[in-house]
Amino acid sequence: MISRFKSTSGACLTAALIFLTAIRPLSAQEDADSARVNEAFKRAGGFLISCQDPVSGAIHNGLRNETTMTALAILSYAAMGHQPSDPTPEGRSMQRALAFVLLPENQDASGYFGKSDGSRMYGHGIITLALAEMLGMGANGAQDALIRERCRKAIDLILRAQRVPKNEANRGGWRYTPDASDSDMSVTCWQAMALRAARNAGLDVPKESIDLAVRYIKGLYDSGNHGRGYGGFGYSSRGSEPSTTAEGLLALQVCGDYDCEEVKVSADRLLKSGLRVGDRWFFYTAYYYAQGMYQRGDKHAAAARKQMADLLIPIQSREGWWDGVGGEERQGGKVYATSLAVLALSVKNHFLPIYQR
Numbered sequence: 004m005i006s007r008f009k010s011t012s013g014a015c016l017t018a019a020l021i022f023l024t025a026i027r028p029l030s031a032q033e034d035a036d037s038a039r040v041n042e043a044f045k046r047a048g049g050f051l052i053s054c055q056d057p058v059s060g061a062i063h064n065g066l067r068n069e070t071t072m073t074a075l076a077i078l079s080y081a082a083m084g085h086q087p088s089d090p091t092p093e094g095r096s097m098q099r100a101l102a103f104v105l106l107p108e109n110q111d112a113s114g115y116f117g118k119s120d121g122s123r124m125y126g127h128g129i130i131t132l133a134l135a136e137m138l139g140m141g142a143n144g145a146q147d148a149l150i151r152e153r154c155r156k157a158i159d160l161i162l163r164a165q166r167v168p169k170n171e172a173n174r175g176g177w178r179y180t181p182d183a184s185d186s187d188m189s190v191t192c193w194q195a196m197a198l199r200a201a202r203n204a205g206l207d208v209p210k211e212s213i214d215l216a217v218r219y220i221k222g223l224y225d226s227g228n229h230g231r232g233y234g235g236f237g238y239s240s241r242g243s244e245p246s247t248t249a250e251g252l253l254a255l256q257v258c259g260d261y262d263c264e265e266v267k268v269s270a271d272r273l274l275k276s277g278l279r280v281g282d283r284w285f286f287y288t289a290y291y292y293a294q295g296m297y298q299r300g301d302k303h304a305a306a307a308r309k310q311m312a313d314l315l316i317p318i319q320s321r322e323g324w325w326d327g328v329g330g331e332e333r334q335g336g337k338v339y340a341t342s343l344a345v346l347a348l349s350v351k352n353h354f355l356p357i358y359q360r
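Add 3 to the 1-based position in the sequence shown for this note's numbering, that's all there is to it.
Possibly wrong hints are sitting among the right ones.
[Claimed, not checked] Below, a list of computed lysine-lysine pairs in the DSSO-like style, where the Cα atoms sit at most 27 angstroms apart: (1) Lys267 <-> Lys210; (2) Lys275 <-> Lys351; (3) Lys267 <-> Lys156; (4) Lys45 <-> Lys118; (5) Lys275 <-> Lys302; (6) Lys267 <-> Lys221; (7) Lys302 <-> Lys267; (8) Lys118 <-> Lys169; (9) Lys309 <-> Lys267; (10) Lys351 <-> Lys45; (11) Lys169 <-> Lys210; (12) Lys221 <-> Lys275; (13) Lys156 <-> Lys210; (14) Lys351 <-> Lys267; (15) Lys221 <-> Lys45; (16) Lys275 <-> Lys210; (17) Lys169 <-> Lys156; (18) Lys118 <-> Lys156; (19) Lys302 <-> Lys351; (20) Lys309 <-> Lys275; (21) Lys210 <-> Lys221.
Calculated directly from the structure, the hints in this document are not laboratory data.
This structure is a prediction, so every number in the text was calculated from the model and none was measured.
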């Protein structure tokens, strides 16, 4: 069981990090990169605070999907090491953001978060993952109990959606609505990570559900031996796009499959190709790439960590935000891009349980 990062364990976590640093001191380059990332985090935290609605507590740019954007901001706060119980501006912002997500109007009677803000199952998975990661981290006992209640209902919705009859190629995955009869990689990865995070936190999640998701994801793998380039994963059929390859790499490892061919080949492919600012879905891919390569470890983790610092820090604004570099991502807004950039840079911290090895 992955240990939870709770307010009661903050001192233990700090001691553990000091101990690990003493075992292998940071190189001069790593130390410089860490300082740059910490400074980027300070600016990003300040920006997210500035985007918080003073009345509702939502964190957004006035664009769509405000519950989902708020959940992404909560994940990024936690990845930087903040907690809702912290007596800091970030901690207070996090507490108010959680209170917003937990409002009854944001989750319908079936447990679905994706209807009220229009984010569908895509947003539902992100929100559920955020709540699962916050279990035991509420600002007080009442908020903890509400997080558990809302998360349990959201997990049950994910499990019911997976059981909708589908053909063999789509079985085990998810798509945009709870009753969808097809599946795709992106929606599936968020649901699979939410299930695994909830299971890690002690909620009842059948292992068979995670195994079915792994089976679906592996069905989208292309070994690269069919004239289509490097091995990797496709979106809704076999393929090898960088974004979906990074998704598959992280999701399989989060689900416990660390050493299969699909993981090894995909990690090697991404190590060779890397990322470039301006790539389609750059911030989205950066998040999955950084966390997936960290899970792989060794040279993959080291290369990804350095590349994220080299690519992301120079394009952060003085005000602390990042913004989408392509048409699709620019529609997501600055909270979206900033949250994903923080999650990509946060591999140096390993605070969120779902991303710990």
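(request) Taking the numbered hints from earlier one at a time, note which ones the structure violates and give those numbers from smallest to largest. (result) 3, 4, 15 and 16
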